[in-house]
Amino acid sequence: MARITLENIKKAFGKVQALDGISLDVRDNEFFVLFGPAGAGKTTILNCIAGITMPEEGTVSFDGKIMNLIDPAHRNVAMVFENYALFPQMTVYENMASALRSKLYREDEATIKERIDKAAKMMKMEKLLERLPSQLSNGQKQRVAMGRALVRTPNVFLMDEPLAHLDAKLRNSMRTELKEMQANLGSTCIYVTHDFMEAMALGDRIAIINKGKIVQIGSGDEIYYMPCNEFTAELMGDPQINIIPAEFEKNGSGYNVVIEVNGEKLKKELPEDKAVFAKIAADGIGKADLGIRPQHIRYSFEPAEGYFKTTVYSYESIGNKSVITAECGKYQLRMIAPNGLNVAIDSDIYLKPELDRSILFDSDSKKYIIRYDEEAIRAFATKEVK
Amino acid sequence: MKTGKQRALNILMNVLLIIYAIFALFPLVWMILISFKSDTEVFTTTFIFHPTLSNYQQVLLRSDYARYIRDSLIVSGGAVLVSIIVGVPAAYALARYNFARKEELAFQILSYKFAPEILVVLPLFMIYQKLGLYDSYIGLIWVYQLISLPLLIWVVRGYFEDISVEIEYAAQVDGYSWYQIFFKMLVPLIKPGLVSSALLAFIFAWNSFTFPLILASSKVYPVTVAITKYLGTDSAHYGQLAVAATVSAIPAMVFALCIQKHLVRGLSFGAVKG
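Chains A and B, in that order, give the protein sequences.
Count the first sequence with this note's numbering and you get residues 20 to 405, in order.
Count the second sequence with this note's numbering and you get residues 959 to 1232, in order.
Be careful, since some hints might not be right.
Claimed, not checked - Below, a sample of chain B positions facing chain A; criterion: calculated Cβ distance under 8 angstroms:
hint, residue
1, Ala1064
2, Asp1120
3, Ser1122
4, Tyr1127
5, Ala1128
6, Asp1132
7, Tyr1134
8, Ser1135
By construction, these hints were calculated from the structure, which means they are not laboratory data.
We put the beta carbon where it would ideally sit given N, CA and C, even for glycine.
Just chain A, same shape as in the assembly (with noise of 0.2 angstroms):
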């Protein structure tokens, strides 16, 4: 196991820019998500971990030890590619047992049996063992990919969105075995998905990649509650952030905040946080876009006390809740319900968002301001995870 660098990786392809000065320290035996959307140059950074891609600037090494010319079959490293790659006329069990039979890795038959029989146990796939990539589905070719990776004992795991053909449940239970094999392997595992929940339940740290940049890097809490930019804001979370444009005017001691609703101008006094007043005093903020995660607005059928009215412009039940979305004009309000109400689409609703849940972002550069109780969540989300 190994302790992976790498330093202002660049690499193009073209006249496109895939990875645009990339660094990370992944520690020994860490979880470590990169995390984006497609096209981001997570998949490249991967490669060029394991030495497929040759970055044009920068350096990559394990503990230490710059790995830029070594090719990637002296790398010893594991890779689960995102389209399976399993070798076509080898059956599943040779398939999986491919590198220990290689000259660099080779272990004796009764080792590679029982390695094989441990992963295919763990990935429910025993009766698999037999056949062809061909007689596969995918799910079944991505178990594969993955068993392969997982008999071995690399310097490090790499995993291109292994979860992503599997059905739900399966998908699930693989999730939680991963974490628990990681956990008592004790292995460095780079892992790739555009799933913010397994981003989430999987990583000790991520790293939000965008157009070949890192964003952000830290534990999910940490990115989950004190985002760096409204882009991070609106990728951690199902359903999305709400972001809503307010403007601030000095009230007395405090603040009020006015945000508009279907071209009308609402004012709110903005609730009390010392730290939060005192950053829009020294930096004389005059509006920013408040963040409020989907469950904390509330919601009322009825008229009520601080609540404001608007329409129903989506009603979504998913399973054990549901999602709604309100028409505000210039944006839309997203926020969960309990699952069976009966919403009748473009009928009243009363909402009243927390905003002392609320991050600030600027509204210009998109960037963080800070949010309410920042010193508490921030304690809270820091703290060592292990």
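Once you have looked at the hints, place chain B on chain A.
Just chain B, lined up with the frame of chain A:
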């Protein structure tokens, strides 16, 4: 349930296929028949004749026919072997690597097949005379590359392109060197294409007439050229000619039957995708 219309269509199709089969096979059948006829009966068009093996005796036992076959085997087999050794890496490079003018190069290789043989054979004749390649095995094997190499490169290239590059990456990560990957992972996957295109190349080389006619004379005598020997200036031994032609078709047929399994699969692309 088949409707009457479908059944009628089926019958019609079969009738057409049978007519075509007769049309295609009749010359071959006729050739085999002639090979059993004596020279006097060659021109009888009825099927009644006195079968004789004298033609076979004459050709197989009392002439150098075995030598001609051997020469053909050496030249055609050698040509295909060289094509495989040269062509498979070339096909891999054309499929995997990006370099300047790649498509132009690939097309140029293909274009070697466009040129009529008779057009290039005269200059080649003079060049070969000068280089001392005239009437040698190496000379013919070399010129046969015009026939076999483009075919092999283009078919095998398609197969390489069908193999996702991640398979190679996966094997690299598993600890295999490039040569191990090539022979353990890639060759089994391109095998159907390789076998079928090699067979076709072999048949084309075997049937080649112009090149050996002009670029070889006494030392190297492929069977296609040798057959003309049975057409004398004053007399034509059609019976012996038919024997020579019939027997010369056997090696290619034997090869084709041996690898029939690969042949059908091999020329239909996309067999690799897992």
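Here is what the structure says about each hint:
no.	hint	result
1	Ala1064	21 angstroms, violated
2	Asp1120	10 angstroms, violated
3	Ser1122	6 angstroms, holds
4	Tyr1127	5 angstroms, holds
5	Ala1128	4 angstroms, holds
6	Asp1132	4 angstroms, holds
7	Tyr1134	5 angstroms, holds
8	Ser1135	6 angstroms, holds
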